[in-house]
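Peer 1: Spelled out from the first residue to the last, the chains are:
Protein chains: 2
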Amino acid sequence: MLNQVADLDRVFHALADPGRRLMVERLSQGPASVSELGKPLAMSLAAVVQHVQVLEASGLVRSQKVGRTRTCRVNAAALRSAESWISERRSLWERRLDRLGDYLAETADAPDDDPAGPPDGPQSRIHDQSEENR
Amino acid sequence: MLNQVADLDRVFHALADPGRRLMVERLSQGPASVSELGKPLAMSLAAVVQHVQVLEASGLVRSQKVGRTRTCRVNAAALRSAESWISERRSLWERRLDRLGDYLAETADAPDDDPAGPPDGPQSRIHDQSEENR
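As given, the protein sequences belong to chains A and B, one line each in that order.
Taken in order, the first sequence gives residues 50 to 183; the numbers are from this note's numbering.
Taken in order, the second sequence gives residues 50 to 183; the numbers are from this note's numbering.
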């Protein structure tokens, strides 16, 4: 679990840079050497290598050196773990919105029919009375 | 396009912190006040507010102040944009792997039947001869 948390930290950090996302985009089209990854980017080879190292540390990219050429490929499993994390939270929230929508549609049809009140949906916290400074 | 790039920078940066991911997890279960978001985290209210501001700047969270309470909710559209970016790259890469798998299966059946050679799949770069230091 701790490892998984650390991995998501690294994966999302790696994806937060536009140059590194461009590298992942390039690699999703097929393996590439480090120098090929750098071509579309206005940066030194040393900077490209550093970005590749961040991508490798996150698990998003794997590389292999054969002779003098280091070839990089995407690791789909790391992309999938980040995608799943986001998609689970998004769908949880959207199911809540759907339930609230159903409730509102039902109460519009029969306003006095539901003594239980609304589910704990998106609007239910607006009247929270706790004190808070911001 | 530039805006979209900046947004993904901010969204992925926001998700790279375990405390902020915990806040998004909490909010995916329903809206919450800033102080509620801070409860499971061992940090000051000021630190919680800063994290909420990073989440708001990324568009992942929207908030509304009614009386003394600021209520936060997840913005599914921002989650969806990050999810789509990842899922498009992942599926592009997986389709390449599938094509390579098909090719290998075909050539295993009929080894001399495909004079065109393999598609530009995951293995095709290993023999790249370009010089490269790392």
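Among the clues, some could well be false.
All copies of an identical chain are treated as equivalent in the list; a pair is satisfied when it fits inside any one copy or across any two copies.
[What the hints assert, rightly or not] SDA-like, lysine to any residue: derived pairs with alpha carbons at most 25 Å apart:
#1 Lys88 to Tyr152
#2 Lys114 to Leu153
#3 Lys88 to Arg75
Worth flagging that the hints you see were computed from the coordinates, not collected in a lab.
The model shown is predicted, which means the values in this text are computed figures rather than measured ones.
Peer 1: Under a CA distance limit of 25 Å, which applies to Lys114 and Leu153: within one copy, between copies, both, or neither?
Peer 2: between (60 Å within a copy, 23 Å between copies)
Peer 1: Between copies, within a copy, both or neither: which fits Lys88 and Arg75 at Cα up to 25 Å?
Peer 2: within (11 Å within a copy, 42 Å between copies)
Peer 1: I want to check one pair: Lys88 and Tyr152. Are their C-alpha atoms no more than 25 Å apart within a copy, between two copies, both, or neither?
Peer 2: The answer is neither: 55 Å in one copy and 29 Å across copies each exceed 25 Å.
The structure shown violates just one earlier hint, number 1.
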